[in-house]
Amino acid sequence: MSIIHTENLTKTYDSGAVKVHALNDVSIDIAPGEFTAIVGPSGSGKTTLLNIIGGLDTPSSGRIVIDGTDITRLSDGQMIDFRLNNIGFVFQSYNLIPVLTARENVEFIMLMQKWDKKKRETRATEMLQSVGLGDQIDRRPSQLSGGQQQRVAVARALASGPKFVLADEPTANLDSASTSNLLDIMANLNAQLGTTFVFSTHDQRVIDRARRVITLEDGKILSDETR
Amino acid sequence: MYLKLAWRNIWRKKWRSLITLGSIAFAVFFAVLMRSMQLGMYDKMIDNVVRFWSGYAQIHAKGYQDEQTLDNSMVWDETLMQKASETKHVQAAIPRLEGFALGSSGQLTKGTLVVGSDFPLEEKMLDLAGKVVSGNIPGPDDKGVLIGTGLAEYFQLEAGDTLILLGQGYHGASAAGKYPVTGVAKFSSIQLNDNLVMLPLKEAQWFYGAENRVTSISLMVESQGQTPGVVKALRSQLDEGQYEVLDWKEMMPELVQTIQADSVGGQIMLFILYMVITFGMFGTVLMMTAERKYEFGVLVSIGMRRLKIAFTLFLETILMSVVGALMGGLLALPIVYYVAAHPIPLSGQSAQAMEKFGFEAVIVPSTDPNIMLTHGFIIVVIALFISLYPAWNVKRLEAVKAMRR
Ligand SMILES: Nc1ncnc2c1ncn2[C@@H]1O[C@H](COP(=O)(O)OP(=O)(O)OP(=O)(O)O)[C@@H](O)[C@H]1O
Ligand SMILES: [Mg+2]
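So the protein sequences, as listed, match chains A and B.
By this note's numbering, the letter at position 151 of the first sequence is numbered 151, and the numbering carries on one by one without gaps.
By this note's numbering, the letter at position 291 of the second sequence is numbered 291, and the numbering carries on one by one without gaps.
Simulated from the structure, these hints should not be mistaken for laboratory data.
Idealized CB from N, CA, C, for every residue including glycine.
A hint or two may mislead.
[What the hints assert, rightly or not] Covered stretches of chain A, going by a simulated chain B footprint (3 or more residues, C-beta under 8 Å):
1. 44 to 58
2. 73 to 81
3. 105 to 117
[Stated by the list, open to error] To list a few chain A residues with every Cβ distance to chain B over 10 Å, as calculated:
4. S2
5. D14
6. A17
7. N24
8. D25
9. G33
10. D67
11. T125
12. L144
13. S145
14. G147
15. K163
16. R209
17. E225
All chains should be modelled from the sequences, with the hints used to inform the complete structure.
The structure is reproduced here in structure tokens:
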């Protein structure tokens, strides 16, 4: 059974005279454990798709079923809780809470899930070690490089064991060394923990690392290949 | 954790927070200082005029309040006295016979307030023993007077000298008497000090030709707060057609008005100050909310309920205002206590107002802790009100829009 299932998703922006079809009849299924890249030129609808899958945005029509739950039916509060408990997010930049240390940032989701303190701390330290930041746990985001910040964000997204992780251009602001480092980490966690990753990119080196590549163009699926 | 988050967020913009904190502290500092001085002044006014002279309430013959003449006096009545002094919370009921007479000594003359009273009872209200500067308090059957230091100075009299009193008595009888000055006392108010001649009640009744009559029964009540109860109890017991029972506010509406007018002036000033502070705080919160919009978007995205976000923002504002209010209050407190122990003399308008009511123009601030609590509370309420803005902002925040840059 697929963990992410979308049916005929459309998203239309009606900005006066022109109607923009950001998504046009998009149906995809993603199975647990997949490592999927959403690619396509700028404006093709990658962000829109990820936002809708993550319940941050609503489609104009169509359905999204996440692990059996039709999320289009959830209220705002239910949706927030659903995201908390099921989805890990990594954004392009500024993911972290600036006033919290790396470890506190990683703990944050577990805190809201009411894990007890000891377990939270242990898990956060573990996760930071697995993204190679075991010696930076008490640093604030401003004391970390962009690549390190993204790794903290990945650690946070995975710490509480979500059903899948959504990452919208996680490497867009990184140099090539940090990009390949982050990709290594994501691929490793995918292999070791079996966490499902869906990420968007238009960086060819990132595309090369994906096992499944869904290509969008003008809001439509142009190709969907698994390697 | 939320508290930690709030606390660290406050220090994120160190200078801005310090300035906001400083302005809150200043507002509370200023408010506490100003109100302590004002309320202290009012307490003193009330104390001097009411507690140490008229009493918190009085019983008169009906009509005396409107026309304060001997003709509106009443018969001294044992049962009336008993009722009055046995009313709950009444510490003493003091019969007095008040009128005016021309005093003269040698070439000098001056209008004086001639009051007959029961000195042993009066002791409780006026603390006479502590106020006599020379000579003695006349005994109940003595034909002698106790006068204020101001009057003594005017007439250049000392204990043992003679004072002549000339006036009009009950029902137009002429009142005349020649009295030895038994003692000189310093009364709490300048007005009394400059005008008061006290003599034993019996002697006053003889002087005014008002045998067995009194103009008022002054009631010494345990505290101001119990006065309405005392007045109510007496009104229900006494014959309304014959007597009137008034509290000090009814007896001295000008004093109440002066206090109110002055107090409102102060309150308007504070209101303006608080408005300025409110806008200052609001500006800070407005900037903070705008700056952190992206962050709120991230928080909602990763699964933080809006109410929780609003709560941390609320904590920030409250924390800031509580710390600011505490700082202001703690700064004001030692000054208030110091000045309370070392009163400062006043000048200008308020000095005139005080002197008009006949007492020394010095500031003795009130050390009532309620003043600080009130102003701390006002600031916190303002903060509460202000934190509605970020709460509302977070409530309608759309994560996707907030994170678009
Ligand atoms: N709020 C909006 N109002 C109007 N049009 C929008 C809005 N958001 C997105 N669009 C349009 O929808 C289309 C898809 O946008 P989207 O951001 O999903 O593209 P993308 O593939 O993520 O692009 P990029 O690679 O530049 O990030 C674009 O044409 C964009 O202009
Ligand atoms: Mg995009």
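Here is how each hint holds up against the structure:
1. 44 to 58: holds (count 4)
2. 73 to 81: holds (count 4)
3. 105 to 117: holds (count 4)
4. S2: Correct as stated: the minimum Cβ-Cβ distance to chain B is 22 Å, above 10 Å.
5. D14: holds (16 Å)
6. A17: Non-interface label stands for A/A17: nearest chain B Cβ at 22 Å, farther than 10 Å.
7. N24: Given that every Cβ of chain B is farther than 10 Å from that of A/N24, nearest at about 19 Å, it holds.
8. D25: Given a closest Cβ separation of 21 Å, the condition holds.
9. G33: Label holds. Min Cβ-Cβ 22 Å, cutoff 10 Å.
10. D67: Answer for A/D67: holds, closest chain B Cβ roughly 16 Å.
11. T125: Fine: 17 Å to the nearest Cβ keeps A/T125 off the interface.
12. L144: holds (16 Å)
13. S145: holds (19 Å)
14. G147: Since the minimum Cβ distance to chain B is about 18 Å, A/G147 lies beyond 10 Å and the statement holds.
15. K163: holds (13 Å)
16. R209: The assertion about A/R209 holds, with a minimum of 25 Å to chain B.
17. E225: holds (29 Å)
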